[in-house]
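Chemist: Once you've looked at the hints, dock chain B against the given chain A.
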Amino acid sequence: MKGTIMTAETEVSIPKGGMFLIEQALPEAIFTPEDFSDELKMIGQTTENFVENEIVPIIPRLEKLEAGLSEDLLRKLGEMGLLGIEIAEEYGGIDLPKTASMLVAEKLAPSGGFSTTFGAHQSIGSLPIVYFGNPEQKAKYLPKLATAEIIGAYALTEPNAGSDALSGTTKATLSADGKHYILEGTKMWITNAGFANLFTVFAKVDGAKEKFSAFLVERDWEGVSTGAEEHKMGIKSSSTRMVMFDKVKVPVENLLGEVGQGPKIAFNILNTGRFKLGAGALGGAKAALGIAAKYSLERKQFGQTISNFGMMQEKLAEIALRCFAVESVVYRTAGLIDDAIGEETDGFKRLKCIEEYAVECSVIKVLGSEILDFAVDEGVQIHGGYGFSAEYAIERAYRDSRIQRLYEGTNEINRMLIPGMLLKRAIKGDLPLLPAAQRISREVLDPSLDASADDGLLGEEMSVVNNLKKIVLMLSGAAAMKFGPKLDHEQEVLARIADIIMLTYASESAILRTRKIAANGGETALHANMVRVYVHDAAEKAATLAREAVCRFVEGDDLTVYLSTLRRLTKHAPVNTVALRRTIAKAVLEANGYPLHY
Amino acid sequence: MNILVGISQVPDTATKIAIGADGTSIDTKGVKFIVNPYDEFALEEGLRLREKHGGTVTAVSVGGESAKEVLRTALAMQVDKAILVKSEVNGDSFAVAKQLADVAKEIAADIVLFGRQSVDYDSFQVPPMVAELLDIPSITMISKLDIVGTSVTAERDIEGGKETISASLPCVVSAQKGLNEPRYPKLPDIMKAKSKPIEERPASTIAARTQVIGLDLPLAKGKGTILGDTDADITELLKLLHEEAKVI
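Just so you know, the sequences run in chain order A and B. Numbering-wise, numbering that gives the first Met the number 0 puts 92 at position 93 of the first sequence, and it's gapless, one number per residue. Numbering-wise, numbering that gives the first Met the number 0 puts 204 at position 205 of the second sequence, and it's gapless, one number per residue.
Just to be clear, a hint being listed does not mean it is correct.
[To be verified] Simulated crosslink set (BS3-like; lysine-lysine; CA at most 25 Å straight-line): (1) A:Lys210 x A:Lys293; (2) A:Lys585 x B:Lys185; (3) B:Lys185 x B:Lys195; (4) A:Lys293 x B:Lys195; (5) B:Lys104 x A:Lys40; (6) A:Lys40 x B:Lys191; (7) B:Lys238 x A:Lys40.
[To be verified] Computed footprint of chain A on chain B; a stretch qualifies when at least three of its residues, placed anywhere within it, have a C-beta under 8 Å from a C-beta of chain A: (8) 69-79; (9) 175-186; (10) 189-197.
[What the hints assert, rightly or not] Label pairs and their calculated CB-CB ranges: (11) B:Gly159 x A:Asn48: 29 to 35 Å; (12) B:Asp21 x A:Asp345: 40 to 46 Å; (13) A:Ala524 x B:Thr152: 18 to 24 Å; (14) A:Asn48 x B:Ile157: 28 to 34 Å.
Hints in this document: simulated from the structure, not taken from any laboratory. Using N, Cα and C, we set each Cβ at its ideal position, and we do this for glycine too.
Chain A extracted, bound-state conformation:
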């Protein structure tokens, strides 16, 4: 995707998706939370206020699935315009940049399971029509979705079709008069099913795999029914049910897109959901950090608050610094997507712009859901036994978190997608990965060609990142050569490559953001400390991951060469991470939580 963005001095082209592995972006070219406009900040603040005043106090009632409560909240959010952030003005929305929808997702996170209710409606429940609906479908449904007069849901998964989403058996058969599709099948884990009025349902026309298609199905139609509420581990305040379709007559005008477009719709919509999901998870992690930090400042043991203890401080610092890295990734990617979309109004073209960054979106989903799980787990630990009691907010946060690694593509599926999509793009010629890999292999053999040194702010850390990129290119190239088309069967190797890619993107984004703040005259002592610890640990983790991957498919003398190269590439100066974490923890405790705000 080519386009241009204006920066202060220069005009630069918008990097392609995955380009971060090949070229180092300039700090001024990346988008950061510090670049939020005043309006965006006000939108974030308004959402935060609404959550704090209107949602958090009624979470216990929401958790009991009290009838009508979620729908009322959605309608209030609709009135405020929050449901229309991705809907065009002509259909009752306000169509804001994706950065806004990500910030809203982040700020909604402390509402617990309700943020899933919101996402199922605003994101995957409405966007199929936004991107694939024809003008009649848009006019009929979008204005009502923007106000929550009707509530949307997305019905893809089936009892026997989860990660293998296209293997479902729901069937649509054209009626003899050609006016209806007769829909038969069962969908599972459908969020908002208890009260949704409109389902985007995926089914195979005539049961044929190549005719996998999407349909807009209204709840009131004969033959649509739902099962009982599922008893879930967490996000209990969101409604989750089975939805059954028994010979439902779906008018042909409610076919979404064309017959056979189902996979494209399904995966694109999940992809647009992923970056918001990651942003939401980041919000949840920050909220958990706030809860844990406050508790540590109140709880006294051995005659002092537990916030004084090194092991508690280390946990708080680690959550904070990982949040910083994920936050840098989330909004850098938001900026990439928004720059690529620019003034484009055509839905398909916009979707292409988002798809361009599908790798980055998967990274956000995995990193976000895993920092959240880490934060709530350590949050419970900081609470000690009290963290195990349902009387404490961290207990619910812990249970609510777990789903995030599962839905919208499990993290395993996303780990497969990350290197998979990159290689596919390289083969298609969309990304110059192969020339870069060749350059790297020359460089690796001849260290005098090495150009990874960097003398800017956090130069040591940036040179680590430069080397991590080489490891990714080296490993992917070698694995592709070794396994060829069978690489798909090497899930363990692919997952390790994915992990190193994620560490690389997160480390680089955090460094570039810190450099940008410094270049604009901002205070960066805390940011730099967080980066130092994150990148140090990233290098350690990457070293282990890369070794494990290489040992899978290289043997003998070659292995010796690879391992010594890896040692050289992951070498870094020792860092006093204990001291740095204490400093970071101090900032967390002073701020009663995440120490940066926007």
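Modeler: What follows is chain B alone, placed relative to chain A:
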């Protein structure tokens, strides 16, 4: 009805305050600023008065460049006009009140609404001072407001009960929590607020009547001492209260 609402920008109530290097102001580095929470009730009441009686709502703030942020919030909540009186006055209520009274006079305000206090300096002084300067009635800390024609009826929460007060327009009122539920700005209005003008004007020169000479954080809470209930303990208690706590 000409409705004027005075709003101020204050540090987020969750902020941990640090004192600046000059010792007389807070260190604003890393501090998040918000609309003074009590002023939100005043803003909401102003908007409701307009809905009921017609007229215009003007929001005014006395402060530096950053006070524009709270005026933008007011614009997003749909006030008609926003005025920033540029002043770096640090905590002198009279100087602030004078600026606000000048604006009220200029627009011939029928009613001037404030929050009961600004949660930064907590002086509670500005609303009654503005009323004095304009020589009009003032009702502070109201929890209910009714206006019929020019007659104003307001309720105030007082210790253990309620006080109902009547006055006539023009007047000044200051809002207590519970007066109303402030609305949330709508996203389309937030987006439109950025292109609405904020009228800026210099502060009139007025000598501050007070000066902040020092700010101190509260002392950290000391360790308590638990005594028994024998006569010796009572003697000890008296001794401690006299010699250590120095309260008797």
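Chemist: A separate judgement is required for each hint: does it hold in the structure or not?
Modeler: Against the structure, the hints:
1. A:Lys210 x A:Lys293: violated (54 Å)
2. A:Lys585 x B:Lys185: violated (37 Å)
3. B:Lys185 x B:Lys195: Satisfied, since the Cα-Cα distance of roughly 15 Å is no more than 25 Å.
4. A:Lys293 x B:Lys195: violated (40 Å)
5. B:Lys104 x A:Lys40: violated (34 Å)
6. A:Lys40 x B:Lys191: holds (14 Å)
7. B:Lys238 x A:Lys40: Answer violated: B:Lys238 to A:Lys40 is near 56 Å, above 25 Å.
8. 69-79: holds (count 3)
9. 175-186: holds (count 4)
10. 189-197: holds (count 4)
11. B:Gly159 x A:Asn48: 29 to 35 Å: The hint (29 to 35 Å, Cβ to Cβ) holds, given that B:Gly159 and A:Asn48 are roughly 32 Å apart.
12. B:Asp21 x A:Asp345: 40 to 46 Å: Roughly 56 Å apart at Cβ, these two residues miss the hinted range, so it is violated.
13. A:Ala524 x B:Thr152: 18 to 24 Å: violated (56 Å)
14. A:Asn48 x B:Ile157: 28 to 34 Å: holds (30 Å)
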